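Starting from the known structure of chain A, arrange chain B on it as the hints suggest.
Going down the list, the protein sequences come from chains A and B.
Heads up, the first sequence stops at 137 in the UniProt record's numbering, and the numbers go up one at a time, no gaps.
Heads up, the second sequence stops at 471 in the UniProt record's numbering, and the numbers go up one at a time, no gaps.
Treat the hints as calculated values from the structure; they're not laboratory data.
Any given hint could be a false lead.
Here are a few chain A residues that sit away from chain B, every Cβ distance over 12 Å (derived from the structure) [stated by the list, open to error]:
#1 Lys7
#2 Leu12
#3 Glu16
#4 Val18
#5 Val30
#6 Pro56
#7 Met66
#8 Asn95
#9 Met126
Dumping the calculated BS3-like pairs for lysine-lysine here, alpha-carbon to alpha-carbon at most 30 Å [as the list claims (entries may be wrong)]:
#10 A:Lys88 <-> A:Lys26
#11 A:Lys88 <-> B:Lys205
#12 B:Lys201 <-> A:Lys98
#13 B:Lys421 <-> A:Lys38
#14 B:Lys421 <-> B:Lys448
#15 B:Lys240 <-> A:Lys103
#16 A:Lys26 <-> B:Lys164
#17 A:Lys98 <-> B:Lys369
#18 A:Lys38 <-> A:Lys88
#19 B:Lys181 <-> A:Lys76
#20 B:Lys292 <-> A:Lys103
#21 A:Lys100 <-> B:Lys292
#22 A:Lys7 <-> A:Lys98
#23 B:Lys129 <-> B:Lys369
#24 B:Lys240 <-> B:Lys273
#25 A:Lys57 <-> B:Lys164
#26 B:Lys369 <-> B:Lys431
#27 A:Lys85 <-> A:Lys38
Quick list of the computed label-pair ranges, beta carbon to beta carbon [what the hints assert, rightly or not]:
#28 B:Lys188 <-> A:Gln10: 52 to 62 Å
#29 B:Glu385 <-> A:Glu124: 58 to 68 Å
#30 B:Val147 <-> A:Gln28: 16 to 26 Å
#31 B:Phe437 <-> A:Gly4: 55 to 65 Å
#32 A:Phe70 <-> B:Thr214: 50 to 60 Å
Being a predicted model, the structure only gives us computed values, none of them experimental.
In this text, a Cβ means the ideal position worked out from N, Cα and C, and glycines have one as well.
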Amino acid sequence: MNQGTDKLLQYLSEVEEVAEDILTDKNQLVDLDRKRNKNREALRALDKEIKADQMPKKSLVCFGNMFIKFPKETAKKLITDDQAKLEKEVTNLRNGLKHKISKLRELEGKSELSGFSLQPLSREEMCAVEQFMKPCR
Amino acid sequence: MCTSTKSSAAAAKVQEVREITRIERIGAHSHIRGLGLDDALEPRQVSQGMVGQQTARRAAGVILEMIKEGKIAGRAVLIAGQPGTGKTAIAMGMAQALGPDTPFTVISGSEIFSLEMSKTEALMQSFRKSIGVRIKEETEIIEGEVVEIQIDRPATGTGAKVGKLTLKTTEMETIYDLGQKMIESLTKEKVQAGDIITIDKATGKITKLGRSFTRARDYDAMGPQTKFVQCPEGELQKRKEVVHTVTLHEIDVINSRTQGFLALFSGDTGEIKGEVREQINAKVAEWREEGKAEIVPGVLFIDEVHMLDIESFSFLNRAMENDLAPVLIMATNRGITRIRGTNYQSPHGIPIDMLDRLVIISTTPYEEKEIKQILKIRCEEEDVEMSDDALIVLTRIGMETSLRYAIQLITTANLVCRKRKGTEVSINDVKRVYSLFLDECRSTQFLKEYQQEFLFNEMNAEPGSETMETS
Chain A
1 MNQGTDKLLQ
11 YLSEVEEVAE
21 DILTDKNQLV
31 DLDRKRNKNR
41 EALRALDKEI
51 KADQMPKKSL
61 VCFGNMFIKF
71 PKETAKKLIT
81 DDQAKLEKEV
91 TNLRNGLKHK
101 ISKLRELEGK
111 SELSGFSLQP
121 LSREEMCAVE
131 QFMKPCR
Chain B
1 MCTSTKSSAA
11 AAKVQEVREI
21 TRIERIGAHS
31 HIRGLGLDDA
41 LEPRQVSQGM
51 VGQQTARRAA
61 GVILEMIKEG
71 KIAGRAVLIA
81 GQPGTGKTAI
91 AMGMAQALGP
101 DTPFTVISGS
111 EIFSLEMSKT
121 EALMQSFRKS
131 IGVRIKEETE
141 IIEGEVVEIQ
151 IDRPATGTGA
161 KVGKLTLKTT
171 EMETIYDLGQ
181 KMIESLTKEK
191 VQAGDIITID
201 KATGKITKLG
211 RSFTRARDYD
221 AMGPQTKFVQ
231 CPEGELQKRK
241 EVVHTVTLHE
251 IDVINSRTQG
261 FLALFSGDTG
271 EIKGEVREQI
281 NAKVAEWREE
291 GKAEIVPGVL
301 FIDEVHMLDI
311 ESFSFLNRAM
321 ENDLAPVLIM
331 ATNRGITRIR
341 GTNYQSPHGI
351 PIDMLDRLVI
361 ISTTPYEEKE
371 IKQILKIRCE
381 EEDVEMSDDA
391 LIVLTRIGME
401 TSLRYAIQLI
411 TTANLVCRKR
421 KGTEVSINDV
431 KRVYSLFLDE
441 CRSTQFLKEY
451 QQEFLFNEMN
461 AEPGSETMET
471 S
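Bound conformation, chain A alone (with noise of 0.2 Å):
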């Protein structure tokens, strides 16, 4: 009895860490997403600045609890670098969700997902299913 309680604890608990895992990674794609759009906000603003031909060459950049004085050249070139950081991240963290959500779905004794692992279909060779699938568009 004992032995089975530990037994079915040790099972809880592997559960709830994989599930805590998950969570935890799609809060971080929040997190990552709302920095992107930030950033993203950031750099249109600067683009406007620049082609409008604005009289201040510098701009003050905040980062984290701190402005500095940046040229916007350079500040335009370290945002684009921490985006396409970002981007990265995210790809990864989207990837690595995957097989998270396999392990957790064996866990908890459901199926598994099929087809998920798959390459994608291109844009034309979608074009071309789609037809039948959702017919009248």
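For chain B alone, kept in the frame of chain A given last:
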């Protein structure tokens, strides 16, 4: 990943709604939900709507495992047994156990004889209906609730418009600058604050999902098509993955059809050219190599297989060897009989060379206890309350006549019961319908007695010599 599971959940919800509105007729095998086996493939006496036939079910279970592991393609199974011994039930059980994703086609042996297409074409189409191709669609989308949309028209009236779009989810909010094209499609879709929209990143296509619940009181009068949805959760920019399973036949149809107006019609397209099929096979093979597609071998169930003729059998023989062949399950209730289209006799009406390739499962007549169980399950399925002694009487009837007849009596007895405003079907109700409706035995008896009074009566020979002919 996360979004895809969400979208599939949404799809399931839509289906549920549909199921409520559709009037569901209760089919003869609607109570079957699987083969009723445990993890060790041992059949439980009564489970998932299956009763008895334990040997057959165990055999079917083994075959099912083989199908799941993809080992049995190119072979075939024959379920043989007397009428009313659960052949179709076992096939249905196998289909249910394979899950919703596995294609399962049911045809009756006589279905292939049609004026519009040749026998082999009909068979080929059902073969290809039973093979699924799993593909994945991946899109990068921006999904959120419109907080504000602001479009500035230049004062001069000409020149490019500029605009801003504020989108939010439950977690975040952001502003997008809009270009000329985006503004056009947003105006075309009549997007306004409070709408939930998705924007396909690659194509810029905008889809309106509905209005936000929080905006439900914005207007008093609203069209019936206004749909209210929750504000999306999580990130704004999502990756959406959807897995589709389509059958080879569907791909065949779209490719053999002339484009244009005809594309609106789906359904029978007549015969499909061999070249089209070859092209499709090549394309699918290419996708498989690139890791873009998976083949899902399904099951083709041919009921009343003795109705096929010798040409169909030889076609089947060859088609089974194709590497894209589904698992073939056939059922027959015939013993040694003439093969259709020849004068030769053969077991089950199937040529010997074909029989040689088959794994044969036989079903045996049900015992009294099992018949009682089945009748009980059917009563539950049809929402009929029946008293115990009525069930016992009905079981006796089932033993002496046939199971199908007894099942018919359930519904009719229930109607009689409701007419007398009773809540539970009693013995008297069963007796009454038994006297109202003849079973096959009594009907034959009646005919024998009164045959002289029927029209066109030409029963001259002794009864029995004129057995049922299949061709």
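Structure-based check of all given hints:
no.: 1; hint: Lys7; result: holds, 18 Å
no.: 2; hint: Leu12; result: holds, 22 Å
no.: 3; hint: Glu16; result: holds, 18 Å
no.: 4; hint: Val18; result: holds, 14 Å
no.: 5; hint: Val30; result: violated, 5 Å
no.: 6; hint: Pro56; result: holds, 22 Å
no.: 7; hint: Met66; result: holds, 23 Å
no.: 8; hint: Asn95; result: violated, 9 Å
no.: 9; hint: Met126; result: violated, 5 Å
no.: 10; hint: A:Lys88 <-> A:Lys26; result: holds, 15 Å
no.: 11; hint: A:Lys88 <-> B:Lys205; result: holds, 25 Å
no.: 12; hint: B:Lys201 <-> A:Lys98; result: holds, 22 Å
no.: 13; hint: B:Lys421 <-> A:Lys38; result: violated, 71 Å
no.: 14; hint: B:Lys421 <-> B:Lys448; result: violated, 38 Å
no.: 15; hint: B:Lys240 <-> A:Lys103; result: holds, 20 Å
no.: 16; hint: A:Lys26 <-> B:Lys164; result: holds, 28 Å
no.: 17; hint: A:Lys98 <-> B:Lys369; result: violated, 49 Å
no.: 18; hint: A:Lys38 <-> A:Lys88; result: holds, 17 Å
no.: 19; hint: B:Lys181 <-> A:Lys76; result: holds, 26 Å
no.: 20; hint: B:Lys292 <-> A:Lys103; result: holds, 23 Å
no.: 21; hint: A:Lys100 <-> B:Lys292; result: holds, 22 Å
no.: 22; hint: A:Lys7 <-> A:Lys98; result: holds, 27 Å
no.: 23; hint: B:Lys129 <-> B:Lys369; result: violated, 39 Å
no.: 24; hint: B:Lys240 <-> B:Lys273; result: violated, 36 Å
no.: 25; hint: A:Lys57 <-> B:Lys164; result: holds, 26 Å
no.: 26; hint: B:Lys369 <-> B:Lys431; result: holds, 21 Å
no.: 27; hint: A:Lys85 <-> A:Lys38; result: holds, 14 Å
no.: 28; hint: B:Lys188 <-> A:Gln10: 52 to 62 Å; result: holds, 58 Å
no.: 29; hint: B:Glu385 <-> A:Glu124: 58 to 68 Å; result: holds, 59 Å
no.: 30; hint: B:Val147 <-> A:Gln28: 16 to 26 Å; result: holds, 24 Å
no.: 31; hint: B:Phe437 <-> A:Gly4: 55 to 65 Å; result: holds, 56 Å
no.: 32; hint: A:Phe70 <-> B:Thr214: 50 to 60 Å; result: violated, 40 Å
The structure is inconsistent with the numbered hints 5, 8, 9, 13, 14, 17, 23, 24 and 32, although it conforms to all the rest.
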